[in-house]
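Trainee: If you read the protein sequences in the order shown, they are chains C and Y. So that you can map any letter, position 275 of the first sequence is 275 in the numbering used here, and since no number is skipped, the others follow by simple counting. So that you can map any letter, position 321 of the second sequence is 321 in the numbering used here, and since no number is skipped, the others follow by simple counting.
Mixed in with the good hints, there may be bad ones.
No distinction is drawn between identical chains; accordingly, a pair holds when it is met within one copy or between any pair of copies.
With a straight-line cut-off of 16 Å between C-alpha atoms, the simulated EDC-like cross-links for lysine to aspartate or glutamate are [said to hold, decoys possible]: (1) 285 x 312; (2) 345 x 312; (3) 229 x 195; (4) 229 x 198; (5) 229 x 194; (6) 345 x 89; (7) 345 x 88; (8) 285 x 368; (9) 229 x 366; (10) 285 x 5.
Source of the hints: derived by calculation from the structure; they are not laboratory data. Remember, it's a predicted structure, so these values are computed and weren't measured experimentally.
Protein chains: 2
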Amino acid sequence: MITADLVVTNLVELVTCEPTLGDGPLGVIRDGALAAAEGRIVWIGAAADLARDVTLGPSGRRLDGRGRVALPGFVDSHTHLCFAGSREEEYAMRAGGASYQEIAAAGGGILSTVRATRAASVDELVALTRPRLRTVLAHGTTTVEVKSGYGLTTADELKMLEAIRWLGQAQPVEVHATFCGAHEVAPEYRDRTDDYVDLVVHEMLPAVAERGLARYVDVFCEEGVFSVKQSRRILEAGARVGLRAKFHADEFVALGGAELAAQVGALSADHLLRARLDGVAAMAKAGVTATLLPGTAFFLGLPYAPARSFLETGVRVALASDFNPGSSMGPNLPLVMTMAVSQMKMTPEDALLGITLHAAHAMGLEAELGSLRPGKQCDVVLADVPNWRYLSYHYGVNHVSRVIKRGRVVWAR
Amino acid sequence: MITADLVVTNLVELVTCEPTLGDGPLGVIRDGALAAAEGRIVWIGAAADLARDVTLGPSGRRLDGRGRVALPGFVDSHTHLCFAGSREEEYAMRAGGASYQEIAAAGGGILSTVRATRAASVDELVALTRPRLRTVLAHGTTTVEVKSGYGLTTADELKMLEAIRWLGQAQPVEVHATFCGAHEVAPEYRDRTDDYVDLVVHEMLPAVAERGLARYVDVFCEEGVFSVKQSRRILEAGARVGLRAKFHADEFVALGGAELAAQVGALSADHLLRARLDGVAAMAKAGVTATLLPGTAFFLGLPYAPARSFLETGVRVALASDFNPGSSMGPNLPLVMTMAVSQMKMTPEDALLGITLHAAHAMGLEAELGSLRPGKQCDVVLADVPNWRYLSYHYGVNHVSRVIKRGRVVWAR
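One chain only, chain C, in its complex shape (with noise of 0.2 Å):
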C-alpha cells in the first residue's frame, strides 16, 4: 500500500504523455486517477485500481477532478519575458509595411527594450515581470526558461539574472534562467563584435557562473549578429563554466546553427525557420532538440518552420513560446499547439509532446518534469475541456481550470 498526500479522481482521461502507461503515443488513460507525496507523483493508473494500490494519510488532500481532462503541467523552454518597456507601436508600424531600420530609427527594436531595461531597477524588473508569470500560470505553464539579454553590460545582465532568480522564489512557477548576454551586440560595440564577444567570454559568463545565476547560456546565431564561429565561442566557453549551450539558430538565414548545435551537444536549437534539413539531421543524430516557435513566425507574418521535414529527420522537436515584447507578445502555450497543428501540419499528439515532454528535453530536465509517471514532479494541470484534443482544436480559449505545481494546486478559476 502507497501512502499519498494527494489523491486526484474523476479525471476523463489522464494524458500521462508516457506510451508505456496507457493508449496511444500520448498514454492516455481513460477515467484514470493520480496520487502523490511530497510534491511527486506515488502512483497513476485507472481510479478503479486506486483504492487497492493507495491510501490517503491524515493531512491529505483529495481532489475532484470533476469529469476534467489532466494533463503534465506545461513547460516553456524558450522565452525572454523578464523586460521593461513595451513595443505596441512597433507592431502597429510592422504592419503597415516599416522595416527593421525604419523601426529602429523610429526607436523601435530590441535596443529599445535594452534601454528601458538598462534603466530599470532589479525591483522594478521583478514587479513588471511577476503579472506576467501569473498569466504563464494560468494558461498551464508551471515551469519556464527565462532569458536575460537586454542587459548587454555585466551589470545590467547580472541584474537581470538576480530579478530572474527572485522571482523563481516568489511565484509558483518553476523558473530556470538562460544567460543571453550574446543576444545583440551592446550599441557601446558598434562594429566592434569581437571586442563584445569578449566581454561576454571574460567577464560576463565567469560573473554569471561564480554567482550560480543560470543554468543555460544562449546566443543569437545570425547573419549581422554572432557568427558561427563567435557562437561557438561563446557556448563552449558556457560550457566550461557549467552551463549547457540551447540558442537562437538560423532563424533568419541559413547560417549553420543547427550544424553548430550538433557539434557542440547543445540541449536545443531554437527558431530554425531557415535550417537546412542537413543541419536537423546533424541534430537528431547528436540527440539535439530542435524547438520551434510558430508563435514568432504568426506575430511577424513570416513562413512557419517546415515541422514535418524536421520530424521526418527523427528530431525530437519541442514547441515554446519565445513570449517577449517585439517578435510574439504571446504566453500561450496551447495556441502555440494549434498553430503547430494548423500552419506546421503537426499532428495535435506531436503538438502535446511538444509543450510537454520534449520542452523538459530542450531544458535537460525530463527526468523531472514533461510527463505524468511515478518518481517525477507532480505538476498537473486541469483542464475543462470533453477531450484533450480540445486544448488545439477550440482554441483562442483558456481551458485550464486548476494548475497543480509539486503537489500543491497553485491556481484555480
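For this one, chain C is given, so just place chain Y on it according to the hints.
Mentor: Positioned in the frame of chain C, the structure of chain Y alone reads:
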C-alpha cells in the same frame, strides 16, 4: 443637467470608434467617462467634465473603471455557434493531409454536424449552445449573429432557429438569427440542387418568415454548392419576405459572389478569400460590407484574404470569428484582430473597427451598436490593458475584465 442611471469613470482610455468624439480614427478620449440611462448612452466625454453635465439618479450606479480601457462591446457578425456534435478528429486528420473527400468518407465534414444537429432537440441545442455564448461574452462579444444551416430540412432549420431565438432571450448576449438553409445541399437532394433551392425558396423561407425567426438570409455561394444564379434566387426570395442578404461568397473559388452581393444590395459578403478586386470595388460602390474571417484561414491553413487590397477599393471591412465546429473552432475576436494585423497587415485601428462599428454595419445595426456615442446602446467592454493596442498586441490572453450590455454589468472576471 443630464440624469443617468450608470456612470463609468476612471478610464485610462475610452475608445469611442467615433472619430468626431476623440483622437484619431478611433476617437480615443484619454481619462474619459460615460453615462447611460435606461440602457443607452446619454453622455460621453472627459472625466473632468462629467460632474458639470451629469447627475446620477437616486438608484444609479457609479462604476469605477480602475484605470482600464473602455471599448464598444464587440460584434461578431458571422458565426455558426449553434450545433450538435464535435469535429476534433477531423481537425487532426486535416493536419495529417486528409482531403475533404477522405474526411467525409470517415464520417466527418459538414454532414456529420448535420446528422448530429438533426438528432438533437431544441432543448439539447440550447443546452449545448448556451455555454458557447458564455464563452463569447467572456471574450467581450455583446452582439452575435448566429446562423441556422445544420438542419437542411424545413423542420430542422426551424428547430435551429427556435433554439437560437430561445438563446437570445435566455442570456445576456444579443443574438440575431440568420436563416442559412442553403448552407449545403441536403444529402437527400444530392445531384438535385435546383430541387433543394425550390424547397428553400417555396417552403423554408416562407415558414421562417411567418414565424419571424430570422433577420437575415445567407447562402453558401461556392463552386459545387450553390451557383451564383441559385444564390441570387434564394437571396431575392429572402428579400421578398423581409430578410436582408448576408452571405458566404468567393471563399474557395472566384465564382462571382462579390459581384452578386453588389447587385442584390447585400448587407455583407463574407469570406472573400478568392474574390476579384473588381467585385470588391463593386461592393464598395454599393455600400456592401466585406466581412473577413481570418480565423478560418488560420484554422484551415489557407492563405488569408488580401485585406489591404480590399481596403484600397474603399470597401468597409468587418472581421468576424466564423465560430463553427469544422473550419474555425474559435470565438475570440481580439485574437481575430491579431490575425488581421499580423497576417493581413491591417492597421490595429482598422482591426478594431472591424469587430465593432464595421461589424455593426455588416448586420445593419450601426444606428444601435458598434460605437460609443449618445443615443446608442450602452454596450461596453472594460479591458485590463495599458492601452487599446494591447488587445491585439498581447495576444492569446483574454484581457476583458467586465462586460456591460444595455447599461448592465453582465460579466465580470
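Trainee: So, for every hint listed, does it hold in this structure?
Mentor: Each hint, compared with the structure:
no.: 1; hint: 285 x 312; verdict: within (12 Å within a copy, 51 Å between copies)
no.: 2; hint: 345 x 312; verdict: within (13 Å within a copy, 33 Å between copies)
no.: 3; hint: 229 x 195; verdict: within (14 Å within a copy, 71 Å between copies)
no.: 4; hint: 229 x 198; verdict: within (13 Å within a copy, 73 Å between copies)
no.: 5; hint: 229 x 194; verdict: within (10 Å within a copy, 69 Å between copies)
no.: 6; hint: 345 x 89; verdict: between (32 Å within a copy, 14 Å between copies)
no.: 7; hint: 345 x 88; verdict: between (30 Å within a copy, 14 Å between copies)
no.: 8; hint: 285 x 368; verdict: neither (24 Å within a copy, 63 Å between copies)
no.: 9; hint: 229 x 366; verdict: neither (30 Å within a copy, 61 Å between copies)
no.: 10; hint: 285 x 5; verdict: neither (42 Å within a copy, 70 Å between copies)
Checked against the numbered hints given earlier, this structure breaks hints 8, 9, 10; the rest are met.
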